[in-house]
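S.K.: Sequence:
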Amino acid sequence: MERQASTLYNALAARGHEIHVFTVPGDLTKASMKATVHIHFAANDHGSVNCSLAFDIFNQENIAGPMTELQEAMLRFVDEIRFFSSYTQHICISNSAGEVLVNIYQLPQRNVHVILNGVDETKFVYDPEAGAQFRRKHDVPYNVSLVMGVAGRLVRDKGHPLLYEAFSSITKHHPGVFLLVAGSGPWGRRYAELGLNVKIIGELNPSELAEFYNALNVFVNPTLRPQGLDLTLMEPMHCGKPVLTPNYPSITGTAVLN
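Per UniProt numbering, residue 1 is the first one in the sequence shown, and the count goes up by one each step.
These are computed hints drawn from the structure, not numbers from a lab.
From a predicted model like this one, the values you see are computed outputs, not experimental measurements.
Fair warning: there could be bad hints in the mix.
[As the list claims (entries may be wrong)] With a cut-off of at most 27 Å between alpha-carbon atoms, the simulated BS3-like pairs for lysine-lysine come out as follows:
| no. | residue 1 | residue 2 |
| --- | --- | --- |
| 1 | Lys241 | Lys123 |
| 2 | Lys123 | Lys137 |
| 3 | Lys137 | Lys199 |
[Unchecked claim] FRET-style restraints, in silico, Cβ to Cβ:
| no. | residue 1 | residue 2 | range |
| --- | --- | --- | --- |
| 4 | Asn247 | Asn103 | 15 to 21 Å |
| 5 | Arg190 | Gly118 | 31 to 37 Å |
| 6 | Ala11 | Phe83 | 21 to 27 Å |
| 7 | Thr88 | Ser145 | 51 to 57 Å |
| 8 | Thr122 | Ser168 | 35 to 41 Å |
| 9 | Ala132 | Glu165 | 28 to 34 Å |
| 10 | Leu244 | Lys123 | 20 to 26 Å |
C-beta: ideal position from N, C-alpha, C; glycine also.
Input sequences plus hints: build the corresponding full structure.
M.R.: Right, here's the structure in full:
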């Protein structure tokens, strides 16, 4: 499950709301969520639960992996168009996402509302000393010329094959470049194959993430799919760090192009 999703659901539950999450087995453990967050793993539960409880608000997150078959993707798309129209109001986290709902899903403009994702400005701040301490803690060599970093789920659709190939090439010509990898997933093992220029540091809590961003010269978000309003773009920018990212419309509305 995306970090912003679990954070949102737990925060809403802490305010007294009843939350139901429909996901796949293995995506998260119930122990990681508050008591009023109900986890449903069975794919056919949503119809009966929705009928019995009549949800007030429905929130959809991106699917975990890309569709590999055009036919399957088209069937899902058509089903989503039919499904989305049954809700009277839609809330999305970026102007780009709102344009998709209006222009592609053909929802009335009056029913689409944009509430932007937010970053805790008291935690994600420019702090060179915290960055230096983080480098020392994780044994980043003092004589490296540039420290790059990536954070999030280490899976294919987050663009890690692209970064893996690019960094392999970079180190051949610029051996002083170093890569910090924060997160968990199958691509962690692949990054470890790149040798001493890479350090896998696992998952980080929000306070550690702020220190991580401050330890970098450049943050990389190599995603292979459009985003809503990605926290891993906003957070490093709040820490005063440049970001390297694809030029999807949903991203260019967040990052300053240079």
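S.K.: It remains to establish, for every hint, whether it holds in the given structure.
M.R.: Results of checking the hints against the structure:
1. Lys241 <-> Lys123: holds (15 Å)
2. Lys123 <-> Lys137: holds (19 Å)
3. Lys137 <-> Lys199: This hinted pair holds, its Cα atoms lying about 12 Å apart.
4. Asn247 <-> Asn103: 15 to 21 Å: Distance hint for Asn247, Asn103 holds at roughly 19 Å.
5. Arg190 <-> Gly118: 31 to 37 Å: Holds - the Cβ-Cβ distance for Arg190 and Gly118, about 33 Å, lies within 31 to 37 Å.
6. Ala11 <-> Phe83: 21 to 27 Å: holds (26 Å)
7. Thr88 <-> Ser145: 51 to 57 Å: holds (55 Å)
8. Thr122 <-> Ser168: 35 to 41 Å: Cβ of Thr122 to Cβ of Ser168: about 38 Å, so the range 35 to 41 Å holds.
9. Ala132 <-> Glu165: 28 to 34 Å: holds (30 Å)
10. Leu244 <-> Lys123: 20 to 26 Å: Given about 23 Å between the Cβ atoms, the range holds.
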